[in-house]
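**Q** Sequence:
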Amino acid sequence: MQFSKYLLIVLVFLTSVCYGGQVHSDSTGLKGKQEYLLLNKGLQFRITEAINSMYDFDFETAEKGFAVMRYNYPDHPLPYFLMGLSQWWKIIPDTESEQYDDLFFRFMDETIEKAEALLEEDPENKEASFFLAAAYGFKGRLLSERESWTATAFAGKNALKYMEMSKGEEELSPELLLGDALYNYFSVWIPENYPLLRPVMSLFPKGDKALGLRQLEEVAANSFYARVEAQYFLFRLYASEEKRPFDALQITDYLHNKYPHNPYFHRFYARQLYALGKELEAKEVSEEILAAIENGETGYESNSGRYAAFFIAQFYHKNNRLDEAKKYYIKTAEFGEESENQESGYYLYALLNLGKIYAKENNGEEAKEYLKKVKKYAKRKHPVHKEARDFLKKNKL
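Adding 675 to a residue's 1-based position in the sequence shown gives its number in this note's numbering.
Hints were generated in silico from the structure; no laboratory data involved. Honestly, I wouldn't trust all of these hints.
What the hints assert, rightly or not - Mimicking DSBU-like on lysine-lysine, the simulated pairs with C-alpha atoms at most 35 Å apart in a straight line are:
(1) Lys1048 x Lys1071
(2) Lys1068 x Lys1051
(3) Lys1047 x Lys1002
(4) Lys1061 x Lys933
(5) Lys953 x Lys881
(6) Lys739 x Lys716
(7) Lys765 x Lys1048
(8) Lys953 x Lys933
(9) Lys1051 x Lys1035
(10) Lys1054 x Lys765
(11) Lys1051 x Lys1069
(12) Lys1051 x Lys1002
(13) Lys739 x Lys918
(14) Lys765 x Lys832
To be verified - For each label pair, taking beta carbons as the anchor points, the in silico distance ranges come out as:
(15) Thr736 x Lys1047: 47 to 55 Å
(16) Gln719 x Gly952: 33 to 41 Å
(17) Phe921 x Leu778: 24 to 32 Å
A virtual CB, placed ideally from N, CA and C, is assigned to each residue, including glycine.
Full structure from sequences and hints, please.
**A** Pasting the structure below:
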């Protein structure tokens, strides 16, 4: 990816942090102001089923609940934002699909319209600023996926502006802390991992990575609307950046059991089991994923299948059940081609392992075909490319 693209993604990520701001934790809001709807405990109780249904991929139930909220609060941005968030979760399992883009942008634009009206009526309305930051942030995230770089930069700039406006002066509500948490973490992480961006990041307020992680944990434990979003970021950070794989497993286990029909949580639970060497459990969870794909369950598609088939293949391969291993490596490759993910690691290693198995079975021609496909799709510097080259040379294929 070109440097300019990295830069835009970085800037948008810092400003498009899902729930980007801080407000007073007092549910009455600022002195003399109307109660903020986000902090209305009665409403939270009434829409718990809808929120849980959204994360469990029962979008029909969720959106009925959000529609009732929209009827009761037609001029408030919250129901429109939740409808947009519902479209976002339809997109997450396969971000290449543009099927839900139009609805997503429509609801986020309506969120912006309603929030701007509130802000025009009361320029000190921090809840309105919060929704503007959140809606522009989510728009920026999807626009960056679509490589609409000018629109991405515009959305990110607006998200940052309203994130600053939404900050309060008193005790923070954990409901609205996620934005600060992600900013604190990634404003430090980015220059650590991308030195070329250090001059750019010096223009931003200084973050605190350890504080950001603690804030994420607070949101994950104590918030209502942002809880699952915080857990989503936590398990990814625990698994990769923080080297806390068992903590990542604990969260993915919890999320999968709470939302068993969410394909994204399902496949990351399988992935974390596999990463920790729990191969039998990973195989069993992966078989559930393939069954869900076979049954046409919402959100289960080739991306999830690629993960699941590879984990099953690995189980059989390590147990020297080569016919079964070949079957699932082939499934991995088929899912990879269906989703056009031929450069993904699971796809490439499935091909490499097929080549090795066929060579072991003295089927040199078949082995050669798979290893040549590795060389075709893998970048030359990728370890799998070198391994395929060396294997072809050593075995004179």
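**Q** Hints first: check each against the structure and report whether it holds.
**A** Outcome of the hint check:
At roughly 17 Å between alpha-carbon atoms, Lys1048 and Lys1071 fall within 35 Å of each other, so this suggested pair holds. Proposed proximity of Lys1068 and Lys1051 is supported: the alpha carbons are some 16 Å apart, at most 35 Å. Simply put, Lys1047 and Lys1002 have alpha-carbon atoms about 19 Å apart, close enough for the 35 Å limit, and the pair holds. Distance check on the hinted pair: Lys1061 and Lys933 sit about 42 Å apart at the alpha-carbon level, beyond 35 Å; violated.
With a C-alpha separation of about 40 Å, the suggested pair Lys953 and Lys881 falls outside the 35 Å cut-off, and the hint is violated. Of the supplied pair hints, the one linking Lys739 and Lys716 holds, its CA atoms being roughly 20 Å apart against a limit of 35 Å. In summary, the hint linking Lys765 to Lys1048 is supported, as the alpha carbons are separated by about 32 Å, within the 35 Å threshold. Annotation: proposed proximity of Lys953 to Lys933 holds, straight-line Cα distance about 21 Å (limit 35 Å).
For the hint linking Lys1051 to Lys1035, the alpha-carbon distance of about 22 Å falls within 35 Å, and the restraint holds. A C-alpha spacing of about 31 Å is found between Lys1054 and Lys765, which places the hinted pair at or below 35 Å, so the restraint holds. Straight-line distance between C-alpha atoms of Lys1051 and Lys1069 comes to about 19 Å, which keeps the hinted pair within the 35 Å bound. Of the pairs offered as hints, the one joining Lys1051 and Lys1002 holds, with about 22 Å between alpha carbons and a cut-off of 35 Å not exceeded.
A distance of roughly 40 Å separates the Cα atoms of Lys739 and Lys918; the hinted pair therefore is violated under the 35 Å criterion. Restraint check for Lys765 and Lys832: satisfied, since their Cα atoms lie roughly 26 Å apart, inside the 35 Å limit. Take Thr736 and Lys1047: their Cβ atoms lie about 49 Å apart, and the range 47 to 55 Å holds. Range check, Gln719 to Gly952: Cβ separation about 40 Å, and the 33 to 41 Å hint holds.
Between Phe921 and Leu778 the C-beta distance comes to about 38 Å, which lies outside the given range of 24 to 32 Å.
Of the hints listed earlier, those the structure fails to meet are numbers 4, 5, 13, 17, in rising order.
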